[in-house]
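Undergrad: Sequence:
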Amino acid sequence: MAGAVRQPIDVARLSAYIEQNVDQISLPISLKQFGHGQSNPTYQVTSATGLKFVLRKKPPGKLLSKSAHAIEREYEIIKALEATDIPVPKLYCLCEDVSIIGTPFYIMAFLDGRIFEEPWLPSLSPEERTLIWKEAVHTLAKLHSVNLTGIGLHSWKRPTSFYTRQIKALSKTSEAQASTASQPGAQNVGKLPYYDQLISFFTDHKTHPPDVRRLVHGDFKLDNLVFHKTEPRVIGILDWEMATEGHPLSDLANLLMPFSWEPQQVPFLTSETLTPELKDLQSKFQPCNVAGIPSMQQCQEWYWGGVDWDAGGYLDWGVAFSNFRTAVVMQGIAARIVRGQASGSKAREFARQTLAYASWGYARVEKLQQRLRLRSKI
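All residue numbers for the sequence shown refer to our numbering, where the first residue is 58 and numbers rise by one.
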């Protein structure tokens with residue numbers, strides 16, 4: 058939902074730019090800011106005729122991670138996908154002139170649909186829950202069938218494997234975030250829990266899944282999808298800033314993460330570690346607790362039916378890595394709060410989840426290491 062503007066922008070300069078470059082928007086305009094989305098400030102632009110549009114911009118100030126705010130890259134991939142059957146919003150402009158509103162931005166269509174922030178879908182019937190999850194999984198399978206060269210993104214091809222690149226980038230980003238403080242001498246954000254153990258495990262290439270390369274979204278999950286107002290149909294995929302040529306396991310593991318929060322999986326996730334929001338998530342995704350939520354196995358079967366690759370037993374590895382990556386993302390939100398760059402209205406709520414995701418990732422890494430030790434003795 059869009060509400061009060063928390064991070065003001067120069068409406069006069071924006072209006073002058075729109076008048077010269079975006080014929081579809083009639084002046085004057087009014088602005089609201091969306092509360093959802095943590096990395097890039099996102100605004101609802103309403104034209105004089107009542108039509109709605111969406112403006113996405115980089116945060117102000119010096120940024121700790123370039124990849125987490127890649128507005129230009131997001132525009133490039135959405136533009137490339139417009140000619141495919143992947144549902145994306147229509148684009149109207151990209152402005153890289155920082156003199157307009159302080160940072161680069163783009164404007165796209167407003168998708169009038171449903172975004173489900175709670176993945177257990179409390180407002181829906183059991184039948185609708187199943188259909189929504191099935192559609193999300195099928196949409197991901199369809200995305201992983203896109204050929205990067207076929208949509209003109211030859212430059213997105215990478216010489217090194219996805220997880221090798223990710224580990225290098227995440228370690229650099231996490232270390233920068235850890236040292237962030239509001240001012241010299243103030244307490245910094247601090248090192249990610251279990252950071253050394255997680256980095257040690259994930260930098261060991263012998264544990265990595267075999268390299269598979271596809272177009273990956275980078276943060277594929279239910280609340281980055283816009284569904285039709287009445288049908289279980291995705292009308293738009295949002296938040297493409299981390300899209301790249303990567304391992305499709307990363308997207309699949311990210312989507313299915315809620316299913317792996319069973320208490321027996323991570324016994325040391327205590328009441329002190331879990332935030333109220335994560336306690337709720339853990340409860341809802343225990344088998345049979347919410348009617349209509351499919352099993353993790355069912356979701357996998359839907360997915361494997363639409364793709365030409367197989368995880369080969371590496372899904373647990375992928376989920377563990379997604380936990381680590383999410384912990385770094387949450388740590389980044391904490392760093393942006395300290396720097397006064399937080400975009401979302403729930404920034405503090407998400408920042409408090411850093412410990413839980415790091416703990417969750419470490420617990421799964423320990424189990425993977427146990428398996429590897431047992432395998433080496435056989």
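If you are wondering where the hints come from, they were derived from the structure by calculation, not from laboratory data. One thing to keep in mind: the hints can contain errors.
For lysine-lysine, the following BS3-like pairs were computed, each having C-alpha atoms within a straight-line distance of at most 30 Å [as the list claims (entries may be wrong)]:
| hint | residue 1 | residue 2 |
| --- | --- | --- |
| 1 | K136 | K109 |
| 2 | K89 | K286 |
| 3 | K214 | K109 |
| 4 | K263 | K147 |
| 5 | K263 | K136 |
| 6 | K191 | K248 |
| 7 | K263 | K89 |
| 8 | K336 | K424 |
| 9 | K424 | K248 |
| 10 | K286 | K109 |
| 11 | K248 | K199 |
| 12 | K199 | K147 |
| 13 | K229 | K248 |
| 14 | K278 | K199 |
| 15 | K109 | K263 |
| 16 | K136 | K286 |
| 17 | K214 | K341 |
| 18 | K278 | K229 |
| 19 | K424 | K263 |
| 20 | K229 | K286 |
| 21 | K136 | K248 |
| 22 | K225 | K286 |
| 23 | K225 | K191 |
| 24 | K147 | K109 |
| 25 | K263 | K286 |
| 26 | K109 | K89 |
Quick caveat: nothing in here was measured; it's all calculated off a predicted structure.
Undergrad: Hint by hint, note whether the structure agrees.
TA: Right, here's what the structure says about each hint:
no.	hint	result
1	K136 - K109	holds (20 Å)
2	K89 - K286	holds (21 Å)
3	K214 - K109	violated (35 Å)
4	K263 - K147	violated (43 Å)
5	K263 - K136	violated (37 Å)
6	K191 - K248	violated (38 Å)
7	K263 - K89	violated (49 Å)
8	K336 - K424	holds (22 Å)
9	K424 - K248	holds (23 Å)
10	K286 - K109	holds (16 Å)
11	K248 - K199	violated (38 Å)
12	K199 - K147	holds (19 Å)
13	K229 - K248	holds (12 Å)
14	K278 - K199	holds (14 Å)
15	K109 - K263	violated (50 Å)
16	K136 - K286	holds (24 Å)
17	K214 - K341	violated (39 Å)
18	K278 - K229	holds (25 Å)
19	K424 - K263	holds (16 Å)
20	K229 - K286	violated (41 Å)
21	K136 - K248	violated (38 Å)
22	K225 - K286	violated (41 Å)
23	K225 - K191	violated (34 Å)
24	K147 - K109	holds (12 Å)
25	K263 - K286	violated (46 Å)
26	K109 - K89	holds (11 Å)
Violated hints, in rising order: 3, 4, 5, 6, 7, 11, 15, 17, 20, 21, 22, 23 and 25; the structure is consistent with all others.
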